[in-house]
Amino acid sequence: MMSSRAGMSVVMLGGALVLGGCGLVLDWSGYDDGAGGAGASASSGLGGQGHGGQGGDGNQGGGAPVCEEACPADEVCERLESGGTACFPPLHLLVKVRRYDQISAAGASIPRARVVIVDEVTGRALTRAVEEPIVLGDEKDIYRVAVPATRRSDGAPVSQRVYPAVQAAGCTNYPTWVSPPVIGDLGKLPDEGLLSIKLACEGPNSGVSLAGSMKQGSVPGALVVANPLSADPSTVRARAMSVVDADGAFVLYNLPPGAMELTAHAAGVTFESVPLNVPNSGNLPSQDLKVLNSTTFKVSGIVAALGGTTIVAPTLALVPQSAANLQAGTGHVPPGMRTSIPSSDTFTFSDVPRGHYRLIGALELGDGAVIWRRLQDVIVVGDADVDVGTVPLLKEISVVSPAAGQDVLLDAPISFDVDEVGLVSAELVVFGPGGSLLDTVQLTFQAQGRSTWTPSSGQLKKYDHYSYLIQVVGPGAQILRQSELYRGFFRVTPP
Numbered sequence: 001m002m003s004s005r006a007g008m009s010v011v012m013l014g015g016a017l018v019l020g021g022c023g024l025v026l027d028w029s030g031y032d033d034g035a036g037g038a039g040a041s042a043s044s045g046l047g048g049q050g051h052g053g054q055g056g057d058g059n060q061g062g063g064a065p066v067c068e069e070a071c072p073a074d075e076v077c078e079r080l081e082s083g084g085t086a087c088f089p090p091l092h093l094l095v096k097v098r099r100y101d102q103i104s105a106a107g108a109s110i111p112r113a114r115v116v117i118v119d120e121v122t123g124r125a126l127t128r129a130v131e132e133p134i135v136l137g138d139e140k141d142i143y144r145v146a147v148p149a150t151r152r153s154d155g156a157p158v159s160q161r162v163y164p165a166v167q168a169a170g171c172t173n174y175p176t177w178v179s180p181p182v183i184g185d186l187g188k189l190p191d192e193g194l195l196s197i198k199l200a201c202e203g204p205n206s207g208v209s210l211a212g213s214m215k216q217g218s219v220p221g222a223l224v225v226a227n228p229l230s231a232d233p234s235t236v237r238a239r240a241m242s243v244v245d246a247d248g249a250f251v252l253y254n255l256p257p258g259a260m261e262l263t264a265h266a267a268g269v270t271f272e273s274v275p276l277n278v279p280n281s282g283n284l285p286s287q288d289l290k291v292l293n294s295t296t297f298k299v300s301g302i303v304a305a306l307g308g309t310t311i312v313a314p315t316l317a318l319v320p321q322s323a324a325n326l327q328a329g330t331g332h333v334p335p336g337m338r339t340s341i342p343s344s345d346t347f348t349f350s351d352v353p354r355g356h357y358r359l360i361g362a363l364e365l366g367d368g369a370v371i372w373r374r375l376q377d378v379i380v381v382g383d384a385d386v387d388v389g390t391v392p393l394l395k396e397i398s399v400v401s402p403a404a405g406q407d408v409l410l411d412a413p414i415s416f417d418v419d420e421v422g423l424v425s426a427e428l429v430v431f432g433p434g435g436s437l438l439d440t441v442q443l444t445f446q447a448q449g450r451s452t453w454t455p456s457s458g459q460l461k462k463y464d465h466y467s468y469l470i471q472v473v474g475p476g477a478q479i480l481r482q483s484e485l486y487r488g489f490f491r492v493t494p495p
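Letter 365 of the sequence shown, counting from 1, is numbered 365 in UniProt numbering, and no numbers are missing.
Keep in mind the hints are simulated off the structure, nothing from the lab. Mixed in with the good hints, there may be bad ones.
Stated by the list, open to error - Each pair of labels, with its calculated beta carbon distance range:
#1 259 to 392: 54 to 62 angstroms
#2 444 to 491: 19 to 27 angstroms
#3 326 to 454: 39 to 47 angstroms
#4 461 to 69: 53 to 61 angstroms
#5 259 to 440: 26 to 34 angstroms
#6 425 to 384: 41 to 49 angstroms
#7 277 to 152: 23 to 31 angstroms
#8 342 to 378: 21 to 29 angstroms
#9 461 to 415: 40 to 48 angstroms
#10 411 to 479: 28 to 36 angstroms
#11 494 to 422: 35 to 43 angstroms
#12 419 to 491: 49 to 57 angstroms
Because the structure is a prediction, the values reported are computed rather than measured. C-beta: ideal position from N, C-alpha, C; glycine also.
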């Protein structure tokens with residue numbers, strides 16, 4: 001057996017040392033579908049202590065890694081890039097969670113949040129939910145999450161892009177998928193181990209909460225949704241969502257009163273739908289979700305590049321109708337619901353359960369930004385495979401300014417510059433920090449590709465972050481061209 005015990009994982013934060021190990025024992029047993037397992041046995045309910053455990057590697061599958069000899073109490077068994085397993089000190093990601101408060105750029109504290117680390121590519125949850133913050137030196141609001149990682153022989157982790165899925169009572173889930181999630185790379189641990197995010201919150205308590213779990217057939221990273229019971233499935237919008245952690249646990253916050261239907265989404269399986277009667281206040285009893293069957297179908301089609309579009313590293317995804325943000329053309333992609341387009345420009349999703357979906361696409365994956373665009377109206381998967389025909393990818397509008405993360409002044413006109421010859425007018429769509437639609441206005445561009453939007457008084461809030469896209473809308477509300485949404489966000493600073 002190979003073993004690396006030369007030193008603990010160390011992160012410097014606010015003058016404090018964060019040490020890996022400390023007697024932490026990680027349970028790798030549980031779910032195994034060939035794409036990463038789940039940890040087992042830890043409680044992650046509303047009233048329980050969060051756990052910094054970890055699930056499968058989300059990368060190689062094959063179930064939990066097993067070392068030839070039991071690892072010491074301060075080490076965990078990890079897979080090796082070259083094959084086999086070995087014991088190493090565990091790695092940790094630190095996630096700082098605060099909220100927008102319109103008072104300072106640092107934001108304000110949140111009493112409690114739920115943090116799960118998710119693989120960016122597969123959509124699988126790699127860790128158990130951590131629900132209790134810790135204090136490290138002068139830093140507060142820190143969630144310390146042990147993450148699994150494939151290792152090199154010297155113990156250094158292999159590169160793997162991840163993001164935190166974060167929830168809190170009274171707040172909008174993170175990420176919103178209107179603006180990009182903050183990305184961490186396990187390959188840079190322990191040197192770069194801090195991710196900092198802010199949530200958009202309405203108040204300390206909003207609506208009813210529900211904790212639940214998937215006791216059998218759990219899919220780490222599956223998207224649990226609560227939909228209005230009587231809603232049209234082709235237009236329904238989820239009232240609450242949660243990412244299933246590596247233990248199969250989930251929590252729904254901010255449920256409004258009324259009749260709801262609880263279900264989940266992931267490729268390869270169909271989950272039961274459970275009716276809920278949400279009261280005006282309090283918490284609902286714990287609810288289990290079960291897998292009904294593995295009956296799935298294919299969704300296929302052809303991508304046509306039109307109007308000078310260049311397809312680079314093309315990726316398509318299916319978003320459940322209730323999880324889609326139709327104004328932004330994006331949404332939460334459940335695990336297994338992404339596919340790449342080969343050189344033939346044909347695509348196929350092979351394991352799609354029954355349901356209503358939106359097809360979204362990315363023209364490129366350059367610099368880590370996935371530029372999603374809604375490509376298709378509702379796709380209904382019933383009892384047969386679906387051929388959606390030809391899906392056009394049309395030329396995007398290249399926005400020069402505001403650049404990603406650019407500061408703009410409160411209540412001052414904002415200039416939008418585009419690199420688009422002959423563009424006369426377009427529609428500007430602005431989203432608030434929680435991903436909700438804030439404004440839609442028509443822009444008229446000058447010859448040099450510049451237009452100006454003047455927010456109404458009080459429309460923008462100090463220190464909040466806003467996302468936007470610029471799009472040309474044709475007859476029948478068809479989106480002909482649109483800007484790169486993920487690169488279009490700005491920050492408001494006081495004058």
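We went through each hint and held it up to the structure:
1. One distance hint, 54 to 62 angstroms for the beta-carbon pair residue 259 and residue 392, is violated here, with the actual separation near 39 angstroms.
2. About 26 angstroms separates the C-beta atoms of residue 444 and residue 491, a value consistent with the hinted range of 19 to 27 angstroms.
3. Checking the proposed 39 to 47 angstroms range against residue 326 and residue 454 shows it is violated: the Cβ atoms sit about 26 angstroms from each other.
4. For the pair residue 461 and residue 69, the beta carbons lie near 57 angstroms from each other, so the given range of 53 to 61 angstroms is met.
5. Between residue 259 and residue 440 the C-beta distance comes to about 31 angstroms, which sits within the given range of 26 to 34 angstroms.
6. Restraint check, residue 425 to residue 384: a C-beta distance of roughly 42 angstroms satisfies the suggested window 41 to 49 angstroms.
7. Distance hint check for residue 277 and residue 152: the Cβ-Cβ separation is about 53 angstroms, which falls outside the suggested range of 23 to 31 angstroms.
8. Our hint of 21 to 29 angstroms for residue 342 and residue 378 holds, since their Cβ atoms are close to 26 angstroms apart.
9. Distance hint for residue 461 and residue 415: a CB-CB separation of about 20 angstroms, inconsistent with the stated range 40 to 48 angstroms.
10. Range check, residue 411 to residue 479: Cβ separation about 30 angstroms, and the 28 to 36 angstroms hint holds.
11. Between residue 494 and residue 422 the Cβ separation comes to about 37 angstroms, which falls inside the hinted range of 35 to 43 angstroms.
12. Distance hint for residue 419 and residue 491: a CB-CB separation of about 22 angstroms, inconsistent with the stated range 49 to 57 angstroms.
Checked against the numbered hints above, the structure breaks hints 1, 3, 7, 9, 12 and satisfies the rest.
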